[in-house]
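The residues making up each chain are set out below.
Number of protein chains: 2
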Amino acid sequence: MNERIYTAGLVVIGDEILSGRTHDKNIAQVASWLQVQGIRLSEVRVVPDVMDRIVEAVNALREAYDYLFTTGGIGPTHDDITVDAVAEAIGVPVVIHPEAKAMLERYYASIGKELTEARLRMARVPEGAELIPNRMSGAPGIKLGNLHLMAGVPHITAGMLDALTGTLEGGAPLLSETVGCWTPESEVADILRQVEQAHPQCQIGSYPFFREGRVGANFVVRSTREEELQSCVDSLCDGLATAGFDFTPGGI
Amino acid sequence: MNERIYTAGLVVIGDEILSGRTHDKNIAQVASWLQVQGIRLSEVRVVPDVMDRIVEAVNALREAYDYLFTTGGIGPTHDDITVDAVAEAIGVPVVIHPEAKAMLERYYASIGKELTEARLRMARVPEGAELIPNRMSGAPGIKLGNLHLMAGVPHITAGMLDALTGTLEGGAPLLSETVGCWTPESEVADILRQVEQAHPQCQIGSYPFFREGRVGANFVVRSTREEELQSCVDSLCDGLATAGFDFTPGGI
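So the protein lines, in turn, are chains A and B. For reference, each letter of the first sequence is one residue, going 1 to 252 in the numbering used here. For reference, each letter of the second sequence is one residue, going 1 to 252 in the numbering used here.
Treat the hints loosely; a few may be bogus.
Claimed, not checked - Which bits of chain B does chain A cover? Going by a derived footprint, with three or more residues having C-beta under 8 Å, they are: (1) 33-45; (2) 116-129; (3) 158-168.
Unchecked claim - Just the calculated beta-carbon pair ranges, DEER-fashion: (4) E169/A / K101/B: 13 to 23 Å; (5) E130/A / E117/B: 48 to 58 Å; (6) E227/A / R135/B: 19 to 29 Å; (7) K113/B / P133/A: 56 to 66 Å; (8) E130/A / T242/B: 35 to 45 Å.
Hints listed in this document are in silico derivations from the structure and should not be mistaken for laboratory results. None of the values given here were measured: they were computed from a predicted structure. Beta carbons are placed, not taken as given, at the ideal position from N, Cα and C, and that holds for glycine.
Chain A on its own, in the form it takes in the complex (with noise of 0.2 Å):
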C-alpha cells in the first residue's frame, strides 16, 4: 500500500459561480473523483475571468500540490482566456493542437459548416499539451504535466473526469465511515475529541443539521487504514453508547 499522501488543488473559474447566478457543482464533482483515484483535494481557489487573476491562482496552487484542475472558460467565446492564463503562468506560447483541429474540421465539414476563427479558439492549447477526451460532446479537455484544464459544464466536466480515470499516480484512498446522532453536537464534543485523540491515524469531523424540526449531527472518521477506522468507529459508538445517546450507524 502507498504511503504517501497525493495532493490536488481545483481553480473554478467563472464570474457566473462569484455572481451566485450559477451554482457549482464541479467542486463537489472533482472532489469525491479525486477521493476515489487517492488523491486528496486540498484547496479550491474560484476567481473571475481575468486574466492576472487566473494566472495567480494557477501558480500558487500548481506549486503547491501535486496536481493541479480547472474548470471554465475553456470555449470559443471571448470570456474564455483560460488557455491563454494557464500558457502566461507556465511560460509557454498557445498553438493549435493539429489533432483538435482536426477533429473540428471534421464535424463542421459533417454539418456543412466553415471552421471559422471563432470556431478554431477551440483547438488553441497551451504548446506540449495533450487532449483529454471526452465521450459526452467533442470538445476535449487539456492535460499539460500535472495541469488538467476542464469544461465548466458539469457534465461535460464528468466526461473528462472519466477519460482521466486510473490515469493519474494516487495513494491510499482516504475511506469513511459515519455515525448520526439526533443531539446538539454540543452535547458529545468531549467525547468526539477524546475519542479522536485515541486514535491518531483517524479524523473525525462533526457535521450538524436541522432536519424535520429536530437538530442532530453526523460524525464521520477518516482514515486511509481500515482496521484504525473500525477500531475508531467502534470506540466512537461504545463512548455515545455509555453516555446514554442513540446513536444510526451509516449515519441519519
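Start from chain A and add chain B according to the hints.
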C-alpha cells in the same frame, strides 16, 4: 450614485466540502446576497479544517478585499477552529464574549442543563468582536471590523446574512440582463466580442448549456449603469437578429 467598487473575499472552511461529501451552498448564497448589497464577490478559497491553512487564506483575502466572510467551523466541536484561526491571523487573543455566554446560560438553564466546557466553546470570539444575531437559531455569528464569521449550515448562514442586510457600505449594485439562444456559443462568438468592445461599461458572459438534447447558451450582460446595460442588450439583440439567430430575451 457611488461609483466606487466594493469587493469581498469568502473563505469556505471544511473538510466536508473538499471531500465531496457535502455540496457547498454558501458560495452561491453569499454571492447573491453580496450583489444586492452592492459588493462584488471577487474570490473564494475553500480550505480544510487546518489552522495554518485557514490563517493563510484569511490573511490573504482580508488584505486584498474590502470585506472578508468565512463560513464553517464556528460550532462547539474539536474540529471547529475558525475562531482560533482568525484570532491568530489578526493577532488578538480568544476571549469569552459575555453576551454570548449569557445567551448560552439562559438557554441551558431553560432546559435544565449545565453550561459545560464544550457548550461554552460557542461563546468564544476573537477579542474585540461583536455578535451577529441570527433569528434562525440561537447561535450567533461573529463580526470583527471587516471580518464576518458565519455558520457552515446554509440555513443558519442565511439568518446571519439577513441580520447583516443593509449594514455594510456598498456601491452601485451590478445589474444584469440575460439573452438566450438555442445555438452553440461558437456561432455567436464574433457578435459577442464586437458588442462587448462597443460597450466598455458592460461585460458579457457566455454560459453554454445542454438541455433536452440540444445545445444553447445564455449571454449575461452586466453593468452598474442602467442605460449602458440596456443599450448593450439592444445591440446584442440587433446583432443576433441581423445574423438570423432566434433569441429569447430574459434567457432560456
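Hint by hint, here is what the structure shows:
| no. | hint | in the structure |
| --- | --- | --- |
| 1 | 33-45 | holds (count 9) |
| 2 | 116-129 | holds (count 6) |
| 3 | 158-168 | violated (count 0) |
| 4 | E169/A / K101/B: 13 to 23 Å | violated (51 Å) |
| 5 | E130/A / E117/B: 48 to 58 Å | holds (56 Å) |
| 6 | E227/A / R135/B: 19 to 29 Å | violated (46 Å) |
| 7 | K113/B / P133/A: 56 to 66 Å | holds (59 Å) |
| 8 | E130/A / T242/B: 35 to 45 Å | holds (40 Å) |
Checked against the numbered hints above, the structure violates hints 3, 4 and 6; every other hint is satisfied.
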